[in-house]
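Novice: For the protein sequence lines, the chains are A and B, in the order given.
Residue numbering for the first sequence follows our numbering, starting at 1 and increasing by one per position.
Residue numbering for the second sequence follows our numbering, starting at 1 and increasing by one per position.
Rather than coming from a laboratory, the hints here were simulated on the basis of the structure.
A few of these clues could be false.
Unchecked claim - Which bits of chain A does chain B cover? Going by a derived footprint, with three or more residues having C-beta under 8 Å, they are:
hint, region
1, 251-259
2, 327-337
3, 465-474
As the list claims (entries may be wrong) - Here are the simulated DSBU-like pairs of lysine-lysine, each with C-alpha atoms no more than 30 Å apart in a straight line:
hint, chain 1, residue 1, chain 2, residue 2
4, A, K280, A, K87
5, A, K292, A, K433
6, A, K273, B, K150
7, A, K292, A, K382
8, A, K87, B, K99
9, A, K126, A, K87
10, B, K117, A, K472
11, A, K382, A, K273
12, A, K472, A, K433
13, A, K280, A, K433
14, B, K98, A, K472
15, B, K99, B, K150
16, B, K98, B, K150
17, B, K94, B, K150
18, B, K117, B, K94
19, B, K94, A, K27
20, A, K496, B, K94
21, A, K433, A, K273
22, A, K87, A, K292
23, A, K337, A, K126
24, A, K433, B, K117
Backbone N, C-alpha and C define an ideal beta-carbon position, used for all residues, glycine too.
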Amino acid sequence: MMGRLYLSQDTSARAVGAERLARVWAKVPGLELVRTSSRGAIFLEPLVEMDGPHGRIGWPNAGERDLPGILQGENGTPIERIPYLAKQTRVTFANAGVTRPLSLDDYRTHGGFQGLEAALRLTPQKIVEEVTVSKLRGRGGAAYPVGLKWQAALETHADQKYVVANADEGDAGTYCDRMIMEGEPFRLIEGMLIAAYAVGATEGYIYCRYEYPVAARLLRDAIALLTEAGYLGDEALGSQARGGGRFTLEVFVGAGSYVCGEETALLQSLEGKRGMVQAKPPYPAVSGLYGKPTLISNVLTFATIPAILARGGAWHASLGTEQSKGTIPLQIGGRVKQPGLVEVPFGLTLNEAIEEFGGGMAAGARFKAVQVGGPLGSLFTKSGLTIPICYDAFSRAGAILGHGGIVVFDQETDMVELARHFMAFTADESCGKCTPCRVGAVRAREILDGIGLGRRRPGDLELLADLGETMKAASLCALGQRAPYPVLTAIEHFRKEFQ
Amino acid sequence: MNRIASLLERARAADPDDRPPNILRALHAVQASLGHVPQDSVPEVAAALGVTEADVAGVLLGYPDLRTRPPGRHVVRVCLGESCVANHCGRVLKEVEKKLGVRLGDTTRDGRFTLEKMYCAGNCAASPSVMIDEDVHGRVAPASVGALLKDYR
């Protein structure tokens, strides 16, 4: 045997050459190629690894011709000495780049199911208390205390309850849910199993966006494996005699509607209807899918649950800041040198994220602005970078952390064009239920079109501000409420470009 | 059109008896088989599911990825998500439009490619991204567009 190498099968790794390497190297006799998840240091992909005496050794940005050298062990870098990875606190992504996504053995030997086993020893109420003590807040964007949601779903009596994972990761600039689904689908499902046991649900769905076909396939394979192994199905949650029982899970694929990432629209879509936002209350935990109590959370939230049950809510609450406990996987993109996923406790500053992890600006690029929290997130300039990354500081600044996406723009970015892009997006994606969002986004885009073409009229900026205020105040969901922020912050920071 | 009826029978079987028919699932099944959902199939779908034509049309037109026109053999989706915008994906889009000779939303005359935009391929750490069918391509430079398309006949 010649040797064993590790190579990620994550979409981003494949997108930058891992698949080509795998194809070519598959023909090399005696070479065993193990396809793992990705460490999230996407700027190093394709990252080829080998077992060394003290952990893995890596060859970043590997090409086809590097194989002989790699097999000789020449010039490799010990993975643990890569600063980008060494400085992180990996919890939810602890096994990223290490294990094979669909290997139950790998999952078990790397801590898998410890959370579920701990949960099955507790009463449902005790599990909910553990989640409450952890102070975990929903990671999809709304940051609602997860314990409260679970308590409501537990307390609502019904003949049928559901658990739904929101895998409609539509915020541009974010990909951590995709990495969980492609890299460690068992962790997501373990979190859902714990939730099902806690609130008394027997059926679950993972609503996966259409743009993630690989994730949907992997999830279906993972469900088949877990069903065969008895983790899903009739005795998924222990014997019925001991209060456990059945839990089944299905993957449902959406069809490209951004608004379906909003929980009430998502549930409509899951029922097969048009994805329209519904007024709350009632909240899904009380009346959700088919009118039944439904615990719906984002993928990352569920994936955080196993560690909380395995290590205790108090452990989770010991990480992070006063109002933001635990870790957050930041997804750093745009014009930085080292784009990728970074899991750290809440509290580091935006500047630290960009400089220490992002590695500063890419060659030839100068910093102009950064957007945090997806297409509805506010823009920050240099002076705003001292803000600590946590829910409290962001909400005080009128901004959002959203799903943890950070996109850095360089000096070549035209702010009018960018603002127009934001409003074109909102106009495309508005579900149309609220007039301010449906009409306001189109009007705002039209005005920005005009400014971009040099046909600015008096009162344009005032009208944009007015439209923005109306959308914020009179839209039901975050799309209409938040869409004005990136545009208005662009005008605030770069007013000259709009005049 | 018999094909649609049998497709829907299968899709309908996936719905438990106590629940209303899942229109989106049914339309996905039609699209998976035919490549698109012909607009004139709406009455037939409605009849097979026992819902109104308005219900079906509302779902069909409410989702950008349900197609009412047949796509080309390959669908090229240029990502316009923020990280791609930051990495100047407009230049990539222009090059793709030039190479294919079509604008966003159109299909090449030989039926080989349909060009679309997408808001985020989830490949933001390797922007700009172009998704062709189910393959995501990252760090796409305008100069590499030609070679990229060549692999899809």
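Novice: Decide, hint by hint, whether the structure agrees.
Specialist: Each hint, compared with the structure:
Counting residues of the region 251-259 of chain A whose C-beta lies closer than 8 Å to any C-beta of chain B gives 7; at least three are required, and the coverage claim holds. For the region 327-337 of chain A, the proposed coverage by chain B is satisfied: 5 residues have a C-beta within less than 8 Å of a C-beta in that chain, meeting the threshold of three. Counting residues of the region 465-474 of chain A whose CB lies closer than 8 Å to any CB of chain B gives 0, so the stated coverage by that chain is violated, three being the minimum. Distance hint between A/K280 and A/K87 is unfulfilled; the C-alpha atoms sit about 41 Å from each other, more than 30 Å.
A threshold of 30 Å between alpha carbons decides the hint, and for A/K292 with A/K433 the separation of about 23 Å falls inside it, so the pair holds. At roughly 39 Å between alpha-carbon atoms, A/K273 and B/K150 are farther apart than 30 Å, so this suggested pair is violated. At roughly 47 Å between alpha-carbon atoms, A/K292 and A/K382 are farther apart than 30 Å, so this suggested pair is violated. Between A/K87 and B/K99, the direct Cα distance comes to roughly 44 Å. Violation of the 30 Å bound is thereby established for this hinted pair.
As the CA atoms of A/K126 and A/K87 are separated by approximately 34 Å, the hinted pair breaks the 30 Å bound. Distance check on the hinted pair: B/K117 and A/K472 sit about 27 Å apart at the alpha-carbon level, within 30 Å; holds. With a C-alpha separation of about 44 Å, the suggested pair A/K382 and A/K273 falls outside the 30 Å cut-off, and the hint is violated. For the proposed pair A/K472 and A/K433, the alpha carbon gap of about 14 Å is at most 30 Å, so the pair holds.
Pair hint A/K280 plus A/K433 holds up; C-alpha atoms about 14 Å apart against a cutoff of 30 Å. For the suggested pair B/K98 and A/K472, the alpha carbons sit about 39 Å apart, so the restraint of at most 30 Å is broken. Straight-line distance between C-alpha atoms of B/K99 and B/K150 comes to about 11 Å, which keeps the hinted pair within the 30 Å bound. Among the hinted pairs, B/K98 with B/K150 is consistent with the structure: their alpha-carbon atoms are about 14 Å apart, no more than 30 Å.
For the suggested pair B/K94 and B/K150, the alpha carbons sit about 17 Å apart, so the restraint of at most 30 Å is met. A C-alpha spacing of about 12 Å is found between B/K117 and B/K94, which places the hinted pair at or below 30 Å, so the restraint holds. Restraint check for B/K94 and A/K27: not satisfied, since their Cα atoms lie roughly 38 Å apart, outside the 30 Å limit. Restraint check for A/K496 and B/K94: satisfied, since their Cα atoms lie roughly 28 Å apart, inside the 30 Å limit.
With a C-alpha separation of about 14 Å, the suggested pair A/K433 and A/K273 falls inside the 30 Å cut-off, and the hint holds. A threshold of 30 Å between alpha carbons decides the hint, and for A/K87 with A/K292 the separation of about 44 Å lies outside it, so the pair is violated. The suggested pairing of A/K337 with A/K126 is violated, with an alpha-carbon distance near 45 Å, which exceeds 30 Å. The hinted pair formed by A/K433 and B/K117 meets the criterion: a straight-line CA distance of about 24 Å does not exceed 30 Å.
Hints 3, 4, 6, 7, 8, 9, 11, 14, 19, 22, 23 from the earlier list are contradicted by this structure; the remaining hints agree with it.
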